[in-house]
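K.L.:
The chain contents come next:
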Amino acid sequence: MQTIEEYLPEHPFFAGLDEPMLELLAGCATNVHFRADEVLFREGDPADTFYIVRKGRIAIQVHTPGGGGVVLDTADDGGVVGWSWLVPPYRWMFDARASESTSAVAFDGACLRGKCENDPVVGYALMQRVTQVMFDRLEAARLRLIDMYGSNS
Amino acid sequence: MTSLAEHDRANAAAQALAAGDAMLPRPFRVVRTRRDTRDTVTLELEPVDGVPLKFSAGQFTMLHAFGVGEVPISISGDPTRAGLLEHTIRNVGGVTGALVAAQPGAILGVRGPFGTGWDVSDGIGGDVVFITGGIGLAPLRPAILELLANREKYNRVVLLYGARTPDDILFGDALRRWADRMGVVVEVTVDNGPHNWRGRVGLVTQLIPRVGFDPAHTVALVCGPEVMMRASAMALRDRGVPASRIRLSMERNMKCGVGLCGHCQLRELFICVDGPVLSYDRLVPLMSRREL
Numbered sequence: 129m130q131t132i133e134e135y136l137p138e139h140p141f142f143a144g145l146d147e148p149m150l151e152l153l154a155g156c157a158t159n160v161h162f163r164a165d166e167v168l169f170r171e172g173d174p175a176d177t178f179y180i181v182r183k184g185r186i187a188i189q190v191h192t193p194g195g196g197g198v199v200l201d202t203a204d205d206g207g208v209v210g211w212s213w214l215v216p217p218y219r220w221m222f223d224a225r226a227s228e229s230t231s232a233v234a235f236d237g238a239c240l241r242g243k244c245e246n247d248p249v250v251g252y253a254l255m256q257r258v259t260q261v262m263f264d265r266l267e268a269a270r271l272r273l274i275d276m277y278g279s280n281s
Numbered sequence: 372m373t374s375l376a377e378h379d380r381a382n383a384a385a386q387a388l389a390a391g392d393a394m395l396p397r398p399f400r401v402v403r404t405r406r407d408t409r410d411t412v413t414l415e416l417e418p419v420d421g422v423p424l425k426f427s428a429g430q431f432t433m434l435h436a437f438g439v440g441e442v443p444i445s446i447s448g449d450p451t452r453a454g455l456l457e458h459t460i461r462n463v464g465g466v467t468g469a470l471v472a473a474q475p476g477a478i479l480g481v482r483g484p485f486g487t488g489w490d491v492s493d494g495i496g497g498d499v500v501f502i503t504g505g506i507g508l509a510p511l512r513p514a515i516l517e518l519l520a521n522r523e524k525y526n527r528v529v530l531l532y533g534a535r536t537p538d539d540i541l542f543g544d545a546l547r548r549w550a551d552r553m554g555v556v557v558e559v560t561v562d563n564g565p566h567n568w569r570g571r572v573g574l575v576t577q578l579i580p581r582v583g584f585d586p587a588h589t590v591a592l593v594c595g596p597e598v599m600m601r602a603s604a605m606a607l608r609d610r611g612v613p614a615s616r617i618r619l620s621m622e623r624n625m626k627c628g629v630g631l632c633g634h635c636q637l638r639e640l641f642i643c644v645d646g647p648v649l650s651y652d653r654l655v656p657l658m659s660r661r662e663l
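Protein chains in written order, with this note's numbering: chain R, 129 to 281; chain U, 372 to 663.
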């Protein structure tokens with residue numbers, strides 16, 4: 129298995145970042161593994177982590193009384209989970225669960241925020257990338273809102 | 372002076388009318404029915420007169436429930452298998468409700484086949500990407516089956532499919548078979564899933580940047596709601612697939628099927644004759660016009 133330092137430069141999220149920046153970010157990262165159905169975090173928990181999925185699938189879901197919950201989104205190999213670590217009040221709005229056995233890189237949110245504040249160039253580069261993820265998710269969520277495949281479409 | 376489209380259309384209409392039967396439904400008997408999802412049924416039909424209906428993948432017929440009405444329905448069966456005509460129909464109203472309720476032995480009327488085909492064989496020697504959502508998998512199925520009958524002539528074959536929920540996924544057994552035995556990369560995603568759903572949730576267009584294919588040597592066939600097709604075509608262009616090699620199946624209010632009545636007009640095109648399958652480079656100026 130590749131080390132985090134070897135893995136990050138190959139990941140599209142980090143494309144364009146130079147080696148010193150990647151080393152800086154890797155300092156906040158650890159490899160983690162989740163069994164199928166293991167919960168990464170729950171709604172209301174402090175949002176202190178950001179994940180890059182190396183292999184597997186993570187489901188973002190919302191709990192509904194009596195219904196068990198609804199899966200709102202998933203992140204597969206190479207996908208990104210979590211941006212609440214970047215925005216106050218640093219609290220998860222949804223649950224996250226491993227749909228299957230999943231390996232990921234976990235970044236410590238407070239560590240990342242500290243490095244962003246100390247080095248605005250790193251902060252801007254990271255913000256650009258997180259914004260792109262947010263943009264893609266928002267765009268997809270808006271299109272799904274129109275219920276394209278529903279009976280009126 | 373007439374445009375090429377007008378000329379083609381006039382020829383098609385003249386040929387259809389010359390045949391004398393373009394407006395006359397042929398009786399077909401329902402041989403078998405299969406419930407695909409809670410609101411979608413596939414009908415297998417045989418011609419009462421015994422003369423099989425030849426069609427190209429991507430074409431549609433006007434399907435007639437006698438005493439109720441007529442609707443355009445894409446053919447979902449195998450174009451390489453003569454004899455039975457298959458239609459996969461979603462119950463969304465009066466006529467489709469009558470069609471999905473048809474039982475074996477019932478007689479339905481069929482006009483057509485009408486319109487243009489997918490021409491999937493243009494992808495021979497290269498990669499083929501199918502992108503579809505909802506009931507849009509049904510019109511693509513004939514092209515997929517045509518390709519699979521000559522699988523060795525194609526390189527990578529990718530099918531990206533979006534459905535509303537896991538219960539709305541069409542042809543689930545076929546999707547597994549194509550993935551497991553036919554060398555097709557099948558990626559399915561749903562708009563939302565129950566908590567125990569292990570599959571993917573998200574928009575089908577989000578899969579386009581993630582799958583492997585050679586954009587410059589790809590033919591992409593896209594079928595689904597128009598919003599989905601627009602988003603898919605843009606994502607394919609972003610990947611580098613030429614607009615001329617992206618084909619979309621357009622849906623408009625087809626009535627006569629032979630380019631006479633004008634109900635399906637999209638500016639200079641009559642979708643029943645010039646379409647339903649059209650290349651994206653031809654559609655770009657039409658799809659972006661709000662008035663059309």
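In case anyone wonders, no lab produced these hints; they're calculated from the structure. Be aware that a few hints might be false.
What the hints assert, rightly or not - Cβ-to-Cβ under 7 Å is the rule here; a few derived chain U residues that face chain R:
no.	residue
1	Arg535
2	Phe542
3	Gly564
All residues carry an ideal CB built from backbone N, CA and C; glycine is no exception.
K.L.:
Now, for every hint given, state plainly whether the structure supports it.
P.N.:
Do the hints match the structure? See the list:
no., hint, verdict
1, Arg535, "holds, 4 Å"
2, Phe542, "violated, 15 Å"
3, Gly564, "holds, 4 Å"
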